Amino acid sequence: MAERTRLAGVVGLFDDEDSLLAAARRVREAGWRRWDCHVPHPVHGLSGAMGLPPSRMGWIAIGAGAVGVASALLMQWWMSAVDYPVLIGGKPLASWPAFVPITFELFVLFAAFAITGGLVRMCRLWRWHHPLHDSGVMAEVSSSRFAIVLDARDDRFERDGSRLLLEEAGCTDVRDLVEEDGGEDAAAAPAPNGARDGGHP
Amino acid sequence: MSDHAPAARALDPRLEPFPLVPPGTTPAQLDDAILRPIETFPTLRWWGAFAVAMSMLGLFGVALTVTVLEGTGTWGLNQPVGWAFDITNLVFWIGIGHAGTLISAILFLFRQHWRTAIARFAEATTLFAVLCAIQFPVIHTGRPWLALYWLFPYPNHNGIWTNFRSPLEWDVFAISTYGTVSLLFWYTGLLPDLAIARDRAKNPFRKVIYGFLSLGWNGSARAWHHYERAYLLFAGIATPLVLSVHSVISFDFAVSVVPGWHTTIFPPYFVAGAIFSGFGMVTMLVVLLRRFFRLEHVISERHLDVMNKIMLATSLMVGYAYAMEFFTAWYSGVLYEKFVFLNRALGPYAWAYWTMVSCNVFVPQLLWIRKFRRNPWLMYPIVILVNVGMWFERFVIIVSSLHRDYLPSSWGMYAPTWVEVGLLVGSFGLFFTLVLLFVRLLPAISIAELKHAAAAQQGGARHG
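Chains S and E, in that order, are what the protein sequence lines are. For the first sequence, the numbering used here assigns the number 1 to the initial residue and increments by one for each residue that follows. For the second sequence, the numbering used here assigns the number 1001 to the initial residue and increments by one for each residue that follows.
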């Protein structure tokens, strides 16, 4: 199969966090929506520089935890007091204090599953492909370098202009981001990482 | 990255007791040092250790087969001692697991950045220890193939449900939740490092495996933004969870009316003991890890020093609990309580009691001396004895309380059979096999976290 490549965007690589932060602010101020940074480890202040809204992960966890508490109480009450009432040591059928440990455990269990599920959903995991791999940039990023990716699907994207934006923002290593066109895969390619978040308040 | 995640803040050098990585260490050097064990062919020494561990695991298989085919009659259990090695092993292994969660969650919340170097490995020991632990309650039911029906409330055509008023049922939920949450927390932490392993892989097979396991992690800042929050939340829920698990285990005893068990000191006493024994195990393994995989610069003597200080503190806590149990028994004025404790210290199982006190309280006092906290050769006998002592603690609590309770006519003695000893030794085989595989297949130290800490350290030095 003859492989073709298409331009997926441009990527600017930085060697230190401060230049990345400055450049990220520039890109954000230029009004970009479909863009992202790729970093080997969390960079302090990058979320603020990119203008990301606070993560909703906490609400997901507490919501799922509440469901866990409710299910645990309902389950224990229904099983012990309604469906299978057995008197043990003369204690009440609905012995609420005895239900506390399991209620707590299910709070934690549900919250943990929700956090994991939320992570998969919000970080767009289970999506193994990314143009950074095809362009050979991924290994540099996961080792030590910091990248800004401007996605070709953004309305503002225009190859030379986008490269210029990164160069003006202080990047000395700007490259084209190419994607191997795998036929149907590429046609059905979903939005790139994080595009749906918008990234703007 | 986000403004609310504690790990994200630049480290204030004044608040850090020691540098997390030697100054000037580059990210590539960290990748090389930490991934070397999984990128090179195992050494002869590793194969030797693996062979020993696998033989012990084989013994576990034999003892398990005998137990399942013949029944728990092959064990030394009889009235009045209906719990002995089985539940001792359960409590012991769950306790071992607690150090991992303490290091990964509680120390994270307390911003103890030194935890970074050992957190991943300790979490892995948690998982493996929980796996060892759950073998015992399941097989001690006698017919483990029915255990699901006894343990979990699942709809069955007998129309009966489990008894939620029983601490044994609380245990089922506590341990299964603990195992599951530890697994999720650990795996979440592994994602960025699996991506590093994927990107460094030369062999296409490895690339596919690590690529698959990394779930396509690509270091996106938008992903990190959620990831950091998720990690903080995981730490937040794992903290009360780990305290609850050993508390619930202690309820198995404390909620009963057996003298020596029916006491309110049990939950904190068990949790302190769990952390103590867990740190003993983690220190024991980390000393080997850093030596054989040449990670002394990442897991420094200062790390061992801090871990040993925690062991010393928890040793004092369990020592306090041992003393306080005696005081409470005397102060209660209850004949049976007083007898049980005198019987522990002076009765037929006195040897076990004094083994416990010596290993857990007397020997660890050596850790007051700086040299013992820093020199691996000197600390090694101590941490091994701590593990021995903590196993005996559970044995003493269980057997010495059961063998002489209210009615002298039903007193008895307990001795294990080879099957029970086989299961105990075999469970260590299971544990060590998993640990050995882990250090060869997955990054044993969190590389991304360490890089972050190194960057923050340099940033802190620069700005501070």
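It is possible that some hints are incorrect.
[As the list claims (entries may be wrong)] Estimated spans, in silico, between C-beta atoms of each pair:
hint : chain 1 : residue 1 : chain 2 : residue 2 : range
1    : E       : Tyr1336   : S       : Val120    : 52 to 60 Å
2    : S       : Ala81     : E       : Pro1348   : 40 to 48 Å
3    : S       : Ala70     : E       : Trp1046   : 46 to 54 Å
[Stated by the list, open to error] If you only want the chain S side, here are some residues facing chain E, beta carbon under 7 Å, derived:
hint : residue
4    : Pro42
5    : Val67
6    : Val82
7    : Thr103
8    : Phe104
9    : Val108
10   : Thr116
11   : Leu132
12   : Ser143
13   : Ser144
[Claimed, not checked] One side of the interface only, derived from the structure: several residues of chain E facing chain S at Cβ under 10 Å:
hint : residue
14   : Pro1019
15   : Pro1022
16   : Pro1023
17   : Gly1024
18   : Pro1027
19   : Glu1070
20   : Pro1153
21   : Asn1163
22   : Pro1167
23   : Thr1177
24   : Ala1230
25   : Glu1449
26   : His1452
In short, the hints are calculated from the structure, not lab data. Fair warning: this is a prediction, and the values are worked out from it, not measured in the lab. Here a beta-carbon is modelled for each residue, glycine too, at the ideal position from N, C-alpha and C.
Interface hint check: Val82 of chain S, Cβ to nearest Cβ on chain E, cutoff 7 Å. Holds or violated? Result: violated, 10 Å to nearest chain E Cβ.
Chain E contact restraint on Thr116 of chain S - CB to CB distance below 7 Å: Hint holds; Thr116 of chain S Cβ to chain E Cβ min 5 Å, cut 7 Å.
Is the interface hint satisfied for Asn1163 of chain E? The criterion is a beta-carbon contact with chain S at less than 10 Å. holds, 7 Å
Proposed interface contact between His1452 of chain E and chain S, which counts if any beta carbon pair is under 10 Å: Since chain S brings a Cβ to about 4 Å from His1452 of chain E, closer than 10 Å, the hint holds.
Using Cβ atoms only, decide whether Pro1019 of chain E comes closer than 10 Å to chain S, and label the hint accordingly. violated, 17 Å
Okay, Ala70 of chain S versus Trp1046 of chain E on CB: inside 46 to 54 Å? This hint holds: roughly 49 Å between Cβ atoms.
Could you see if the CB distance from Ala81 of chain S to Pro1348 of chain E stays within 40 to 48 Å? The hint (40 to 48 Å, Cβ to Cβ) holds, given that Ala81 of chain S and Pro1348 of chain E are roughly 45 Å apart.
Let me know if the C-beta of Pro1022 of chain E comes in closer than 10 Å to any C-beta of chain S, holds or violated. violated, 17 Å
Against chain E, run the beta carbon of Ser144 of chain S and see if the smallest gap drops under 7 Å. With a minimum Cβ separation of about 4 Å from chain E (threshold 7 Å), the hint on Ser144 of chain S holds.
Would the hint on Val67 of chain S stand, with a C-beta cut-off of 7 Å toward chain E? violated, 14 Å
So, as I understand it, the hint says Glu1070 of chain E touches chain S; can you test that by seeing if any CB pair is closer than 10 Å? violated, 32 Å
So, as I understand it, the hint says Pro1167 of chain E touches chain S; can you test that by seeing if any CB pair is closer than 10 Å? holds, 8 Å
Checked against the numbered hints above, the structure breaks hints 5, 6, 7, 14, 15, 16, 17 and 19 and satisfies the rest.
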